[in-house]
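2 protein chains.
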Amino acid sequence: MAEFLRVKTVREVLEIIQGFEALEAERVPLSHSYGRVMAMPLDSPEPIPHFPRATMDGYAVRSRDTFGASEALPALLEVSGEVFMGEAAPHSLQGGKAMVIPTGGMMPEGADAVVMVEYTHVLDEKTVEITRPVAPGENVIGVGDDIAAGERLFPEGWILRPQDVACLAAVGCEKVPVVARPKVAVISTGDEIVSVGDGQLPLGKVRDMNTHSLRGIVNAAGGIVGTVMVLEDDLERMVHECRNLFVNHDVILLSGGSSVGARDYTLKILDHFAEAELLVSGVAIRPGKPTILARVGKGFFWGLPGHPFSAMMVCHLLVAPMLDVLQGKQARHRPLGGTSTVKAILDRQLPSVHGRTDCIPVRLRKSNDGYMAEPVFGRSAMISVLVKADGYVVISEHDEGLDRGVSVEVHLFSPTWPVQG
Amino acid sequence: MAEFLRVKTVREVLEIIQGFEALEAERVPLSHSYGRVMAMPLDSPEPIPHFPRATMDGYAVRSRDTFGASEALPALLEVSGEVFMGEAAPHSLQGGKAMVIPTGGMMPEGADAVVMVEYTHVLDEKTVEITRPVAPGENVIGVGDDIAAGERLFPEGWILRPQDVACLAAVGCEKVPVVARPKVAVISTGDEIVSVGDGQLPLGKVRDMNTHSLRGIVNAAGGIVGTVMVLEDDLERMVHECRNLFVNHDVILLSGGSSVGARDYTLKILDHFAEAELLVSGVAIRPGKPTILARVGKGFFWGLPGHPFSAMMVCHLLVAPMLDVLQGKQARHRPLGGTSTVKAILDRQLPSVHGRTDCIPVRLRKSNDGYMAEPVFGRSAMISVLVKADGYVVISEHDEGLDRGVSVEVHLFSPTWPVQG
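Protein chains in written order, with the numbering used here: chain U, 1 to 421; chain A, 1 to 421.
Among the hints, erroneous ones may be present.
Identical chains share a label here; the pair holds if one copy fits it or two copies do between them.
What the hints assert, rightly or not - With a Cα cut of at most 27 Å, we get these calculated DSS-like pairs of lysine-lysine:
no., residue 1, residue 2
1, Lys-388, Lys-175
2, Lys-126, Lys-366
3, Lys-366, Lys-343
4, Lys-175, Lys-289
5, Lys-388, Lys-8
6, Lys-175, Lys-268
7, Lys-268, Lys-289
8, Lys-366, Lys-175
9, Lys-366, Lys-298
If you are wondering where the hints come from, they were derived from the structure by calculation, not from laboratory data.
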């Protein structure tokens, strides 16, 4: 394992990630397919509509029987039965006859158009007057006019929305071939870390935050959170747990303690996996520099910084895009940081360094014609900064900072709700 | 029950909805609290940090022992033990002494500052040189400096994001008081409707789409989809099922058949519920006019149009905002149609009528400096229109149409992925 990789830029890490293959396909019932990604292109097995349907309430007719009809000189047709919703037309239509039909009703054989009820007059039980001609095909939708049998419905990589699932139901697909969702284990390590369930906090200890924030981000990115644990800095134990977790997880997220040596510690874990291939050791990002990514057989191992804001930002900027790629979502859909963005005016200057990506938490404030973004500062250990921020601004590696008053893209921590409270 | 209500505008319906009360509170474990809404304000039960912590690696000292120290004339301090991560400081610090401390370590009693390791020189096992003075409190975060005990963490109505859940973990909240999620039954009715699971499609029948599209929208809006069923137009059966469903559902969504009489049919169902209060019967919206909303005891009943696009639009524009209100999300967060929007240039003129809200499905196309919105037209029965559209444009009741070339807000069908394929 090459232990001494050069620190990579965010762009370089994303390029590595975009080279990963999607997970395998699985077939899921329609009711579980919403938000999932098509594992292969899908052609419609059936036409829509399945039978020629009226698109208006009225009378099914042979269009030529109506040619020349007008208010002054209506065509007289014999009423020959009625089509009921959900039933086959009772019989085929002879020339000179008309059949009552509702919107969505099945056209009888022999009929090629529908006269809207507005242009008819019932003379008696047996006869209807038609006061306007209809063209062949008028007010009718033919077999396959909406979706032809064999027509490409969705390409590979398509993310299924509510209407897409409904469309699959319409053409009779009960199970859908989608890409598997990555199963992710989340481990928080550090001698000082205890779980929120552990009761009274001993002096010198702090409660684990990272499994909670990472869980939410993984969920939102479509991953399945599997095992979640808090571990002390015990190398043997960590190696043991990771080995077990890789049996039924695709990804392990291990956030290190906040001590200086955390990164080396994570590398030591990887030393125990003969099949580990170190891909990233250090990223030019603030916060989040001591980030590690390795491939371990078919699985992926992330060593994340222990600091809550750092772990969260790396999860947003790098782990979530990887989960997208593993799900077959095309990475270009989530360029940097994913989720929703909103434009805002930066309310102060932000210095940065060329070659490094900086993530600055900001608070949004409504202004006359949009939003102002106020950087939320605090000493780096601050938890309250995370809570106060509505989102973050990314200063890319090509910029040496952002000037006050420029328009910035704020990546929102909450996709639907720009500004809370 | 007032059967003959005036058709209401979308704005009026939203105002009615905003008057609904949120559901009751429930306490959920942290691991289930992501995305949920605080049912009451929450004050921090504990301070963060819980103990004074070093924010740098170095030496815990009494600051006055360093005053006047410089490279030329360093202060000499006796090294008195070491603080380990996750442990209480071994003893208090006497004057003239220094204790080794890591970032995040617990400050010993008596110490009031940390000298960064960069400004120290180890002389021998027992002695360290300090080459810079530190001020009281320097490189230390005191008890409650980040979050004070009793400080307001979240107001009522706050939607919990990943970092908020992490913050709750940090202050020791294992269970969170959140508003219950509305449980929603989804019924698709119509003599012509069969379920996708029913095998070969008989002539004249079509497969149910609405339960599938409504399910996805309800899920995305935070509702819990309970019973899902497809029913024939059998009034007695419908009344019976609805009565049963109201026992353990907060909301029933019933989409009618596409026949003209569907709306009257839905009203007939409500006639059988003595406690039903009709709130809306007809909305000035296209598509979606024959929409009904009634309160039935503590529950809500929606009669939605049977046409797939209409049912979907009404669910996006009216039902989803109601689910927000029932969850205690403040309605202003989801002004019209919810989810994410993107600005685009309209590529053709769209006529409309004053007093009516129009929803036009559009496809987004990348242009030089943004997106173009192309209306997706098709005969109204078209399913493929739904699949082709990336989102929709709303022409408000105050507008009589939109001109070609104007900038419009496109409401995306998929919150994260603006343009697919």
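Intra- versus inter-subunit Cα pairing at 27 Å for Lys-366 with Lys-175
neither (46 Å within a copy, 33 Å between copies)
What label fits Lys-126 with Lys-366 when the C-alpha limit is 27 Å: within, between, both, or neither?
Close neither inside one copy (69 Å) nor across copies (58 Å); limit 27 Å.
Identical-chain pair category, Lys-388 with Lys-8, by Cα at 27 Å:
neither (30 Å within a copy, 40 Å between copies)
Could you figure out if Lys-388 and Lys-175 sit no more than 27 Å apart (CA to CA) within one copy, between two copies, both or neither?
Only across copies: Lys-388 and Lys-175 sit 21 Å apart there, 43 Å inside one copy, limit 27 Å.
State whether the alpha carbon distance between Lys-366 and Lys-343 is at most 27 Å within one copy, between copies, both, or neither.
For Lys-366 and Lys-343, both the intra-copy (11 Å) and inter-copy (18 Å) Cα distances are at most 27 Å.
Intra/inter-copy verdict for Lys-175 and Lys-268 if alpha-carbon distance must be at most 27 Å:
Answer is neither: 44 Å inside a copy and 36 Å across each miss the 27 Å cutoff.
Under a CA distance limit of 27 Å, which applies to Lys-268 and Lys-289: within one copy, between copies, both, or neither?
within (18 Å within a copy, 65 Å between copies)
Within, between, both or neither: Lys-175, Lys-289 at alpha-carbon 27 Å:
Neither way: Lys-175 and Lys-289 sit 43 Å apart in one copy and 33 Å across, limit 27 Å.
Pop the pair Lys-366 and Lys-298 into one bin, within, between, both or neither, using alpha-carbon distances up to 27 Å.
neither (47 Å within a copy, 36 Å between copies)
The structure fails to meet hints 2, 4, 5, 6, 8, 9 from the earlier list, while all remaining hints are met.
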